[in-house]
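Letter by letter, the chains look like this.
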Amino acid sequence: MEMFLYLDNDTFLHRLDPRTKMLVMLATFVVALMFYSLNTLLILSAVVLIYGLVGKTLSNLKRIRFILLMIFLFSVVLWSLTYGGEPKLLGPISLEGILYGIVIGIKFDIMIIAGMIFLSSTKVEEISLGLVKIKVPYRGAFAFATAIRMVPMIVATSYTISQAQRSRGLDLDSGNLVERAKKYIPLLIPTIISVIRGTNVFAMALESKGFGYSEDRTNYLQISIKKGDLLVIFMALVVIAISVYYRFII
Amino acid sequence: MKEIFSMWKDTKMVVLVALSAGIYAAVLIPFKGFVLIPGITEFRPASALPVVLGLLFGPAGAWGAAIGNLIGDFFGSLGIGSTFGFVGNFLFAYVPYKLWRNLGLVSKEDMEPNLKSSKQIIAYIVVSILGSAACALFIGWGLEILGMVPFAALASIITLNNSIPSIILGMPLLIVLYPRIKKWDLLWTDIIPEADVPAITAKSRTGAVVMVAFILVGLVGGLIAAVGGGQALLYSGFASTAGDALVGIIAGIGSIGVLVAGFMQ
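Protein chains in written order, with the numbering used here: chain A, 1442 to 1691; chain B, 98 to 362.
In short, the hints are calculated from the structure, not lab data.
A couple of the hints might just be wrong.
[Stated by the list, open to error] Below, simulated DSS-like cross-link-like pairs (lysine-lysine); rule was C-alpha separation at most 27 angstroms, straight line: (1) A/1576 x B/99; (2) B/279 x B/106; (3) A/1574 x B/216; (4) A/1564 x A/1503; (5) A/1574 x A/1668; (6) A/1576 x B/106; (7) A/1576 x A/1650; (8) B/279 x B/99; (9) B/300 x B/216; (10) B/216 x B/279; (11) B/106 x B/213; (12) A/1574 x A/1503; (13) A/1497 x A/1623; (14) B/300 x B/99; (15) B/213 x A/1623; (16) A/1650 x B/106; (17) A/1574 x B/280; (18) B/279 x B/205; (19) B/300 x A/1624; (20) A/1650 x A/1668; (21) A/1576 x A/1503.
[Claimed, not checked] Chain A regions said to be covered by chain B (calculated; three or more residues, Cβ under 8 angstroms): (22) 1569-1576; (23) 1630-1639; (24) 1647-1660; (25) 1678-1688.
Computed from a prediction, not measured in an experiment: that's the story for all the values here.
Every residue gets a Cβ at the ideal spot worked out from N, C-alpha and C, and that includes glycine.
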């Protein structure tokens, strides 16, 4: 089971420093949040997709297409019904409401795609080290990276428990959605217990390997800002500056 | 509030942060497609967890809820809202364990969250609702000032979406988990040094009352200002746009006040 989005390619995007990629992601969020013009958001979408294409990361769009589609559809339906505006097309639905829903749907989808590109081109260890380099305390970054690694393990544990219960006759497949969800809830408890039970051993294992011995840790993995990073950082800052100029000054 | 920083010295608490975050994220992720507000929130049975994690693991549960929510966002909804989601989910677990200790809902002799008395059950329901409200207040305020989602709609939906699972699912979860966590010596008050466990004093009790006041002022005041400004609650609220200055100020005072009140405890 592959839950992570990371794609192991050797591209310009993959070689960028994680801090640079964080800045690009942030710049995308800033620009997406500033504009409500459909044309501007479509241009931003094109730029984000080209950026993702450079890193050969767009294949992951397939994996999050359901979420992207749901967000877009919900957005259009929700704002079409509630936004008001003119001209009225059918009942409370107006053309203005539909366009606003489309704009908001694109806005959110762009931000999610920017997040996906970041995760598709950056390893968990790189994210963790990037956080340390921007002065997030090591223990916090460690907890973050460990938690990400734990997720597939926890899902696998819950799968094993559900299989064990099925073998004892638990029927998880019948009933409507709510009834089925109810049957899964009791499986949550043994999953949590089995994960938490390992806490003491986990802590001892960490300390036996020198966790917390020194505040100044060294890392096997090394990251650094190179020429390519400087170029991308410069471009991201220029895009933010132009956006601010158009949004607030003109 | 010092325990939320000092706990990082203890390896076991660091591990509990990671495990809490992992569990929360693992339950959040399968429901990412069940969208309630596009790009912002979804149907979240996982909301049963932060209050339980907060009461059992204290500051580790709070950091776990914050990091777990962020990881959950990595699987499909990472955006600017994730920063407010981080703090909001931290408060979702932090407010309950702080109020549990300091609001005087349970006696000093019966402080451990075993839910064996009706007093403890009532206390659990109260802190769950206030934790949910604090989370809704902070996220609602953040996205209102960013002009993304109207406060009245978002704050009311998040309050309900958080408090219902945390009461209905969280209570049995805590009843089952407590004896085991206690047996394994993993309650936060059993892990961190006694000197780091904040004492219950007149100041901390005042801090708890101030925290509740700011939650209520921020959320209820924000909702009244929002409705007065033309917004509406729940899904009807999407008929309006976000960015009302008065709502931003009132909800902002409430949000910042909750954090400040934390320092008094």
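Status of each hint after checking the structure:
no.	hint	result
1	A/1576 x B/99	holds (20 angstroms)
2	B/279 x B/106	holds (21 angstroms)
3	A/1574 x B/216	violated (48 angstroms)
4	A/1564 x A/1503	holds (20 angstroms)
5	A/1574 x A/1668	holds (18 angstroms)
6	A/1576 x B/106	holds (17 angstroms)
7	A/1576 x A/1650	holds (23 angstroms)
8	B/279 x B/99	holds (23 angstroms)
9	B/300 x B/216	holds (23 angstroms)
10	B/216 x B/279	holds (20 angstroms)
11	B/106 x B/213	violated (33 angstroms)
12	A/1574 x A/1503	violated (32 angstroms)
13	A/1497 x A/1623	violated (40 angstroms)
14	B/300 x B/99	holds (14 angstroms)
15	B/213 x A/1623	holds (24 angstroms)
16	A/1650 x B/106	holds (16 angstroms)
17	A/1574 x B/280	violated (39 angstroms)
18	B/279 x B/205	holds (17 angstroms)
19	B/300 x A/1624	violated (45 angstroms)
20	A/1650 x A/1668	violated (37 angstroms)
21	A/1576 x A/1503	violated (35 angstroms)
22	1569-1576	violated (count 0)
23	1630-1639	holds (count 8)
24	1647-1660	holds (count 4)
25	1678-1688	violated (count 0)
Violated hints for the displayed structure, listed by number in ascending order: 3, 11, 12, 13, 17, 19, 20, 21, 22 and 25.
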